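Protein chains: 4
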Amino acid sequence: MPQVKPARPVARGRLFFANPGPTNIPDSVLLATARASMDFNDPAFLAVYDACVEGLKKVLKTKQHLFMYTASGHGAWEASLVNTLSSGDHVLIPETGHFSDSWAKMAKALGLRVTLLEADWRRGIEMARIREALAADTSHDIKAVCCVHNETAAGTRLPVEQVRAILDEVKHPALLMADTISSLGCFDFRMDEWGVDVCVGGSQKGLMLPTGFSFTGASEKAMAAHRASKHPRHYFDWTEMLARRQKSFVGTVPVTLFYGLQEALRLMLDEEGLDNVFSRHARLAKAVRACVNHWSGNNGPQLFCQNPERASDSVTAVLMPEGHDAEKVRKIALERFNVSTGGGLNKLGGKVFRIGHLGDLNEPMILGTLGAVEMALSLAGVPHAKGGVQAAMDSLASS
Amino acid sequence: MPQVKPARPVARGRLFFANPGPTNIPDSVLLATARASMDFNDPAFLAVYDACVEGLKKVLKTKQHLFMYTASGHGAWEASLVNTLSSGDHVLIPETGHFSDSWAKMAKALGLRVTLLEADWRRGIEMARIREALAADTSHDIKAVCCVHNETAAGTRLPVEQVRAILDEVKHPALLMADTISSLGCFDFRMDEWGVDVCVGGSQKGLMLPTGFSFTGASEKAMAAHRASKHPRHYFDWTEMLARRQKSFVGTVPVTLFYGLQEALRLMLDEEGLDNVFSRHARLAKAVRACVNHWSGNNGPQLFCQNPERASDSVTAVLMPEGHDAEKVRKIALERFNVSTGGGLNKLGGKVFRIGHLGDLNEPMILGTLGAVEMALSLAGVPHAKGGVQAAMDSLASS
Amino acid sequence: MPQVKPARPVARGRLFFANPGPTNIPDSVLLATARASMDFNDPAFLAVYDACVEGLKKVLKTKQHLFMYTASGHGAWEASLVNTLSSGDHVLIPETGHFSDSWAKMAKALGLRVTLLEADWRRGIEMARIREALAADTSHDIKAVCCVHNETAAGTRLPVEQVRAILDEVKHPALLMADTISSLGCFDFRMDEWGVDVCVGGSQKGLMLPTGFSFTGASEKAMAAHRASKHPRHYFDWTEMLARRQKSFVGTVPVTLFYGLQEALRLMLDEEGLDNVFSRHARLAKAVRACVNHWSGNNGPQLFCQNPERASDSVTAVLMPEGHDAEKVRKIALERFNVSTGGGLNKLGGKVFRIGHLGDLNEPMILGTLGAVEMALSLAGVPHAKGGVQAAMDSLASS
Amino acid sequence: MPQVKPARPVARGRLFFANPGPTNIPDSVLLATARASMDFNDPAFLAVYDACVEGLKKVLKTKQHLFMYTASGHGAWEASLVNTLSSGDHVLIPETGHFSDSWAKMAKALGLRVTLLEADWRRGIEMARIREALAADTSHDIKAVCCVHNETAAGTRLPVEQVRAILDEVKHPALLMADTISSLGCFDFRMDEWGVDVCVGGSQKGLMLPTGFSFTGASEKAMAAHRASKHPRHYFDWTEMLARRQKSFVGTVPVTLFYGLQEALRLMLDEEGLDNVFSRHARLAKAVRACVNHWSGNNGPQLFCQNPERASDSVTAVLMPEGHDAEKVRKIALERFNVSTGGGLNKLGGKVFRIGHLGDLNEPMILGTLGAVEMALSLAGVPHAKGGVQAAMDSLASS
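So the sequences go chain by chain: P, V, U and D.
Take 1 as the starting number for the first sequence in the working numbering and just add one per residue.
Take 1 as the starting number for the second sequence in the working numbering and just add one per residue.
Take 1 as the starting number for the third sequence in the working numbering and just add one per residue.
Take 1 as the starting number for the fourth sequence in the working numbering and just add one per residue.
Derived from the structure by calculation, the hints contain no laboratory data.
Computed from a prediction, not measured in an experiment: that's the story for all the values here.
Take these hints with a grain of salt, some might be off.
Note that identical chains are pooled: a pair holds if it fits in a single copy or bridges any two copies.
[Claimed, not checked] Derived lysine-lysine pairs resembling DSS-like cross-links, with alpha carbons at most 25 Å apart:
#	residue 1	residue 2
1	286	247
2	386	286
3	230	143
4	247	5
5	58	108
6	347	328
7	331	247
With the hints as extra help, turn the sequences into a complete structure.
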C-alpha cells in the first residue's frame with residue numbers, strides 16, 4: 001500500500017466544511033454509523049430500518065412510495081427516469097444551472113428526448129416560460145417535467161409547487177419530478193401536497209449522513225407510469241424491489257448508514273423539529289447573503305443569484321469581480337485557514353466560489369467560515385468592502 | 001421518529017457475525033470510516049484515493065482498468081454488462097447457484113440473451129460442459145462468459161482460470177467475466193494472469209468494509225468492447241467516468257469509505273500480507289468443514305458441497321437432515337447465543353444454513369461460532385454427532 | 001515520536017480479551033466515550049452526571065453517599081483509608097490473595113497498623129477465624145475490617161455479608177470495608193442491606209468502561225468516621241468534594257467516561273436488568289469451571305479454588321500441573337490465537353493463569369476463549385483431558 | 001436509569017468549546033481512544049506505551065524522570081508534594097491567581113507550611129518579590145518554590161525560567177516546581193534547560209486528550225528529595241512505581257488514553273512540530289487580545305491581564321465592565337450560539353469570563369467564538385465597541 005503524503009501545509013483544528021455537499025455530519029450520527037456488521041434481514045435491523053422508512057417519509061411529507069438505492073444522487077436520478085419512462089419519451093427540463101444540464105445529459109444518454117428550457121442561471125427561470133412550453137404541448141408529448149428544486153451550482157431555488165400549479169392549470173398529465181438532493185431537510189418540500197410524482201434525494205446533504213444511499217419518493221401516478229415503462233433496468237428496478245422484504249435495494253443493504261439515519265432523523269424530527277431546522281437554515285443563509293452583499297460594496301464579490309426570491313437557503317454562490325480567480329481564494333481559505341468551500345461548476349469554474357450552509361451548522365461555524373473567506377479575499381488581493389462578518393453578525397443578532 | 005423496540009431477548013456480549021456477507025469489520029477500519037466530511041476533490045482526499053486505487057489493483061492483481069461505483073455488488077454486475085454488451089447480445093452463464101441465476105435474471109432484464117448452463121449446485125459444474133458449449137459456438141455468438149468465482153449460496157468455488165484455459169483452447173473471443181464479490185481478499189484471484197476481462201467486486205466482503213461501493217476491473221479487451229457497446233447507460237458509464245478526476249464514480253464519491261479502504265488495504269497488504277490472508281482463510285475453512293463432517297456422523301447436518309475440490313474457503317453451506325428446519329437452528333443461535341448465520345437462499349430456503357468465514361476472523365471467533373451452532377442443534381433437537389468443535393480444534397491445532 | 005513496531009506475529013480478527021480486568025467494553029459504551037469535550041459544569045453534562053450518580057447507586061444498592069475519583073481502583077482504596085482512619089489506627093484484613101496483601105501493604109505505607117489474617121488462597125479464609133479475631137478485640141482497637149469481595153488473583157469470593165453478621169454478633173463497632181472492584185456488576189452486592197460502610201469500585205470491570213475513574217460508597221457511619229479522621233489528604237478528601245457541585249472529584253471531572261457510564265448503566269439496569277446480568281455471569285462461570293474440571297482429568301490443569309462455595313463468578317484461576325509454565329500457555333494463546341488471558345500474580349506467577357469472565361460477555365466468547373486455551377495447552381505440551389470445550393457446551397446448553 | 005432531559009434549547013452544529021480546559025480533542029485522537037480493551041502488560045501495548053513516554057519527554061524537554069498517574073492535574077500536584085517533602089516542610093508559592101491559591105490550600109491540607117507571596121492577579125507577581133523572599137531565607141527553610149507557569153484563572157504567565165535564575169543567583173537549594181498543566185504543548189517549557197525539578201502536567205489541555213491521566217517530570221535532585229521524604233503515601237508513590245514494568249501507575253494503567261496520546265504526540269511532534277504548535281497558539285492568542293482590546297473601546301470588557309509581557313497564549317480572561325454579569329454573557333453564548341466559555345473562578349466569579357485558545361484550534365474556530373461572544377455582548381446589553389472580530393481578523397491576516 002503506497003504511503004500517503006499530506007497534500008497541504010498542516011492546518012490544525014477542525015476542518016470547516018463549507019462545501020455544499022457532502023455536509024457536516026453530527027458526531028452522534030457519524031458514530032452511529034461506526035457500527036459492527038449486521039445481517040440486513042436480522043429482525044433487530046429490520047425494526048430500525050422500518051422506523052427509518054417511516055421517518056424519511058415524514059421528511060419528504062409523503063404517504064406514498066419510497067425506493068432506496070445503494071447509490072449517490074445521480075443513481076436516484078437514473079432510477080427516476082428508467083422506472084417511469086421508455087426509450088424515446090420526451091422530458092422537459094427547466095434550466096437552473098449545472099445540475100439541470102447534467103440531468104438533461106443523463107436523460108439523453110438513456111435514450112430520452114430532452115427539451116432543456118434555457119434560462120439565466122443568475123435570475124432563475126421565469127415560470128411563464130414553463131407555462132408556455134406546457135401549454136403548447138397540446139398532444140401531451142411531454143411525459144415528465146424534471147425540476148431541480150435547489151440548484152447547488154447557482155445557489156438558487158426553483159418553486160416546484162408553482163410548476164404543479166401550472167400543470168394543473170393547463171391540465172397537462174406529465175409527471176412532475178423534483179431533484180430535492182440539496183433542499184431536503186434544508187427548506188420546505190412537500191411531496192404529496194405539491195403533487196410531486198417522483199422526488200430524488202440523497203443521504204449526504206440535509207440528512208447529514210455520509211454519501212452512500214439515495215432514494216426516490218414515488219406517487220401512485222408514478223407507479224402507474226412505472227408499470228407501463230419498458231426501459232431495460234435491474235439494479236434500480238422498483239418492481240424487483242417490491243418483491244423484497246425491504247421494498248428497496250437490489251442487493252446488499254447499506255446497514256450501517258441506517259443506524260446513522262435513525263440518529264439523524266431523531267435529531268431532525270424529535271430533537272430540533274423540522275420547522276426549526278428550516279428556520280435555522282433561513283437565518284444562517286440570510287447572514288451569509290448579508291455578508292456577501294457587504295463585500296460587494298467596493299467592487300467586491302457579489303451574490304451570483306440576482307433574484308432574492310430565488311435565493312437558496314442551503315448554498316450561496318459568490319461571483320468574483322472581473323479578473324479575479326475564485327480558485328485562488330479557495331486555495332488560501334483551505335490551506336491557510338482550513339476552510340473548505342465549493343468551486344464554480346461548469347461554465348462558472350474560476351468565476352464563482354460557493355459557500356454551503358446546510359446540514360449540521362450553527363452561527364459560529366458560519367462566522368468562522370465567513371471570517372476565513374474574508375481574510376482569504378484580502379490575502380488574494382481581491383477588492384471588497386471589509387466588514388462582511390460584522391454584517392453577518394448584525395443579521396444573526398437581529399434574527 | 002417512531003421508537004424502535006428490541007427485536008429479540010437481550011443477548012449481551014459481541015454479536016458473532018458468521019454471515020457470509022457483509023463481514024466482520026476490524027475496529028480500526030470502522031473507526032477510519034467515522035470521519036468528518038471532506039470534499040472529494042480536496043487534494044488531501046485525492047492522495048488517499050489514488051493510493052487506494054493502486055492498492056486495490058494489487059488485490060485484484062491487475063495493472064489494467066478499475067471503475068468504482070457507489071453501489072452494491074449488484075450494481076457492479078450491472079455495470080459489467082451495460083458497459084460491454086448491447087441489447088440482444090448472447091451471454092453464457094455456468095450455473096453455480098443462487099447468484100449465477102440472479103446474474104442471469106439481471107442479464108435478461110437488461111435485454112441480453114442468456115444461456116444458463118444448468119448444473120448440480122452441490123457438485124459444481126463440470127468444466128467439460130463449459131468447454132462443450134463454447135466449442136459448439138463456432139459462430140462466436142456468445143459475447144461473454146459470466147462466472148461466479150465463489151458461489152455464496154452453495155459454498156462452492158468455480159475455477160475461473162480453467163474457463164480462461166478453455167476459451168484459449170477453443171479460440172473463443174468471448175469476454176471472460178468473473179464475479180469475485182465473495183472471493184476477493186479471501187482466496188487467490190489473478191485478474192491479469194488468468195485473463196479475466198471484467199471482474200466484479202464489492203466493499204463488504206473480503207475487503208472488510210461496510211456496504212457502500214463496488215467496482216469492476218476491466219481489461220483492454222473489455223475497454224474495446226465498451227467502445228462498441230450501445231447499451232443506454234449513464235450512472236455506470238465508464239466513458240463518463242474517464243472524464244472525471246477520479247476516473248470512477250458518476251456523482252459524489254463515498255469519501256468516508258476510502259479512509260476505511262486505506263486502512264483495510266494496509267492491514268491486508270502491509271501488515272498481514274495477501275498470501276497470509278489466504279492461508280488464514282484456508283485454515284479456518286478447513287476447520288469448519290472438519291466440524292460439519294463430524295456433525296454428519298449421526299445422520300446429522302452435512303456439507304452441502306459434495307466436491308472437496310470445489311469447497312469454498314469463504315463460506316460453508318450446511319445441509320440439514322431431512323425433516324429439520326435450518327431456520328429453527330439459526331433462530332436459536334441468534335436469540336440465545338448472539339450468533340448470526342446465513343440462511344438458505346432460493347430453493348435452499350429452510351434446508352441449508354450458511355457459516356461465513358471470511359474477512360476479519362480468527363480461530364476463537366470460529367470456535368465460538370461453531371460451539372454456539374452445535375448447542376443450537378442440540379436445543380433444536382437436530383440429530384448430530386457431538387464433538388464438532390473438538391474436530392475443528394484438532395484441525396486448527398494441526399495447521 | 002518513535003515508530004512502534006508490532007510486538008507479535010499478526011493475528012487478525014478480534015482480540016479475545018479474557019483478562020480479569022479491564023474487561024470487554026461494549027461498542028456502544030466505547031463510542032459513547034468518544035465524545036467531544038464538554039465543560040464539566042455545563043448543565044447539559046450535569047444532567048447526565050446526576051443520572052449516572054443515581055444509576056450507580058442502584059448498582060451499589062445504596063441510598064447513602066458516593067464519592068468518585070479520577071483514579072484507578074487503588075486510588076479508591078487509598079481514599080477509603082485516608083478519609084476514615086488516622087495514623088496508627090488498626091485495621092484487620094482477612095487474607096484472600098494478592099489484592100488483600102496489596103491493600104495491607106498500602107495501609108502500612110499510609111501509617112496504619114495492619115493485622116493480616118493469613119489464610120489459604122485456594123480454600124478462602126474460614127469465617128470462624130474472622131469471628132475469633134473480632135471477638136478477641138474487646139477493646140475495639142480494630143477500626144476497620146477490609147474485605148476483598150472478589151479476589152481477582154485467586155478467583156475466589158469472600159462473603160462480605162457474613163462479615164457483617166459477625167460484626168453484629170460480637171457487637172464490634174469497626175467499619176466494614178469491601179473492595180468490590182471485580183465483583184460489582186458481576187454478582188450480587190448490597191451495600192446498605194449488608195451494612196457495608198465503605199465499598200470500593202472502579203470503572204474498568206463489571207461497569208464495562210475504560211480505566212479512568214473509581215469510587216467509594218460511604219455509609220453515614222463512615223461519614224462520622226471521616227469527620228474524626230486526621231489523615232493528611234486533599235486529592236481524595238470527601239469534605240473537599242462535598243463543597244463542589246459534583247460532590248466528587250477534586251479537579252477536572254473525566255467527562256467523557258460519564259457518557260460511557262450512562263450507556264453502560266442503561267445496558268445493565270434498563271436493557272438487561274441487574275439480576276439477568278448476574279445470572280449470565282453465573283452461567284458463564286459455571287461453564288468455565290466445567291471445562292477446567294474436565295481438563296484436570298488427565299493430570300491436567302485444575303481449578304485453583306478448591307472450595308466451590310467460594311468460586312468466583314467473574315474470574316477463574318487455573319493451576320498448572322507441576323513442572324509446566326502458565327506463561328508458555330498464555331503466550332501461545334495470545335500470539336497464535338489472539339486470546340489474552342491473565343497471568344499469575346505474586347507468588348502464583350508462572351503457576352496460574354486466569355480467565356476473566358466478567359463484563360460484556362456471552363457464550364461464544366467463552367467458547368472461543370476456552371477453545372483457544374485448550375489448543376494452547378496441546379501446543380505447549382501440557383497434559384490435560386481433551387474435551388473441555390465440550391464440557392462447557394454441555395454446561396451452557398443445560399443452563 | 002433515569003431519563004436525561006436536554007438541559008438547554010437545542011443548538012445544532014458543533015459545540016464551540018472555548019473553555020480553557022479540557023480542550024478540543026482532534027477527531028483522530030478521540031477515535032484512537034475508542035479502542036477495545038487490552039492488557040496493560042501486553043507487549044503490543046507496552047511498545048506503544050514506551051513510545052509515548054519517550055514522546056512525552058520530548059514535549060517536556062527532559063531526559064530525566066517521568067511519573068504518570070490515573071488522576072487529574074490535582075493528583076499530580078499532590079504527587080509532587082507528597083513524594084518530595086515531609087510534614088512541616090516549608091514551601092513558597094508566588095501568587096498568580098486561583099490555582100496558586102489552590103495549590104497552597106492543598107499543601108496546607110497535606111501538612112506543609114506555606115508562604116503564599118501575595119500579588120496582583122492582573123499584573124502578575126514582580127520577580128523582585130520572589131528574589132527578596134528567597135534571599136531572606138538564609139537558613140534555607142524553604143524546601144520548594146511552587147510556580148504556576150500559566151494561571152488559567154487570570155490568563156497570565158509566570159516566567160519560570162526567571163525563578164530558576166533567582167534561585168541560582170541567591171544560591172538557594174529549594175526545589176523548583178512548576179505547574180505546566182495549561183502551558184505544556186501551548187507555549188514553550190523546557191524542564192531540563194530551565195532547571196525545573198518537578199513539573200506537573202495533565203492530559204486534558206495542550207496534549208488534546210480527555211481528562212484521565214496526569215504526570216510529573218522529576219529531576220535527579222527531586223529524586224534525591226524523594227528518597228528523603230517521609231510523607232505517608234502509596235497511590236502516588238514514585239518508589240512503588242519504579243518497581244513496576246511501566247515505572248508509573250500504581251494499579252491499572254488507563255490503556256485507551258495511551259492510544260490517544262500516541263496520536264496526539266504524532267500530531268504535535270511529527271506532523272505540525274512543536275515550534276509550529278507554539279507559534280499557532282501565539283498567533284491565535286494575539287488575535288483574541290486584539291479583539292478584546294477593541295471591545296474595551298466603548299467602556300466595554302477589557303483584558304484582565306494588564307501586563308502584556310505576562311499575557312497567556314493559552315487563555316484570555318476578560319473583565320466585564322462594572323455592573324455587568326459575565327455569567328449572563330456566557331449563558332447567551334452557550335444557549336443561543338452553542339459556544340462554551342469559561343467562567344470567573346474564585347473572587348472573579350461573575351466579573352470575568354475566559355476564552356480558552358489552546359489545543360486543537362485554528363483561525364475559524366477562534367473567529368466563530370469571538371463572533372458569538374460579541375453577539376452575546378450585544379444581546380446582554382453590555383457596552384462595547386463593535387468590530388472586535390474584525391480586529392481579530394486584521395491581526396490574523398497580518399500574522
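Outcome of the hint check:
1. 286 / 247: neither (40 Å within a copy, 38 Å between copies)
2. 386 / 286: both (18 Å within a copy, 20 Å between copies)
3. 230 / 143: both (14 Å within a copy, 24 Å between copies)
4. 247 / 5: between (44 Å within a copy, 21 Å between copies)
5. 58 / 108: Classified as neither; 33 Å inside a copy, 37 Å across copies.
6. 347 / 328: This pair counts as within: shortest intra-copy Cα distance 17 Å, inter-copy 50 Å.
7. 331 / 247: Between copies, since 23 Å is at most 25 Å while 44 Å is not.
The structure fails to meet hints 1 and 5 from the earlier list, while all remaining hints are met.
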